[in-house]
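Hey, can you work out the whole structure from these sequences and the hints?
Protein chains in written order, with our numbering: chain A, 7 to 171; chain B, 1288 to 1459.
Hints in this document: simulated from the structure, not taken from any laboratory.
Take these hints with a grain of salt, some might be off.
To be verified - Using 20 Å as the maximum straight-line C-alpha spacing, the simulated EDC-like pairs for lysine to aspartate or glutamate come out as follows: (1) 167(A) to 1383(B); (2) 1456(B) to 73(A); (3) 1308(B) to 1351(B).
All figures in this text were calculated on a predicted structure; none of them were measured in a lab.
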Amino acid sequence: MKYLIVLFLSSASAFAGTKVQFDIDVLVVDTETKNVFTYDHTYQAEFKPADDDVKAAFSELLIFHTDLPLKRPSNGEVIPLNFGVEIMHLVHPKPDGMAYIVDLDFGPGQPLNDHTRWFSTYLRSLDGLVGFSVNGEEITYPKVGDRTPFVAPVLKIRNFKIINE
Amino acid sequence: MRFLIIIALLFGTQAWGERPKKVQFELQLDMAYCPTKDKKSCPFSAGSKALVRQTVFAEPDADDPVPHYRQTFTIKRGDGTASVTVVAVVNFDRWEYQGMTPVYSLDVHLDTPETAQLAIPVDSRGSVITMTELTGFDGMLAQGKVQFHRKKDGSLYALTPEILVSKIKILE
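Below, the structure is given as structure tokens:
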């Protein structure tokens, strides 16, 4: 029994004020130049108490969205991409143990639309969460001769961790 | 698998850890229905009944050592007036970047049949999540490509296939 208690106590929970940190790698393949270019950055985000309209379902929420400062190396044109991470901590975990909903979106903009890749994961704990990967939609550009140039973005989140336990 | 290969190639060297050999999970396939092209108002299958709900297995085969599940489904709208054919793909793996803690990965995506075999995953929708323990997953939902259909009155509506993987058990 004491082992169970130890296990329980060692399980990370997110509370208001809990901070997380993660690194991102964004890689974009530009078919026009055949170049592959990357952007990497470290972000921090914080859980906050849920607003009144959702607090019956969620105790804390982490909502993080940001634009990515990416430009095509071939012509300096801004590539419209942003990504978001949203984590919802359930007030009442499901009978099967699910306590967190983790959403990730990656695409050209908000609101979520057909051009934004989105997925959702249900986790029992944030303890083991390390990262995500998602392929973005190809962004096409006006034809050059008989070619249709496009960039193909990939987002990888890694080293996800709670930093103020 | 191709997601993992692409990501591995793009982001660094990886070594293969001890993969699971057989994984059981529940697969649900559903269709989110949107009355208009305004997808912002689309419900993501909230409260709807799954069109497909099966307990299935991911296993390696001669072509792919990663435990995988691939199946083509044709799912219909409730009134039978439109359908979408998708290829459901689920991969379980275990791997590591050099010198880092090995992680399990769960790769869930939906392809369109026309592009399912392409090396570049055009029209593919889904993602990979990585965890230090496979038992930490309780489920993963990925949307397929939105498809538009036209009603008899000319108005457009959108069909969005969704795949939910849950109740994961490593059997071997």
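Now for the hints, and whether the structure bears them out:
Between residue 167(A) and residue 1383(B) the CA atoms are separated by roughly 17 Å; this keeps the pair inside 20 Å, and the hint holds. Of the supplied pair hints, the one linking residue 1456(B) and residue 73(A) is violated, its CA atoms being roughly 38 Å apart against a limit of 20 Å. Between residue 1308(B) and residue 1351(B) the alpha-carbon distance is near 12 Å, which keeps this suggested pair within the 20 Å criterion.
When each numbered hint is compared with the structure, a violation occurs for hint 2 only.
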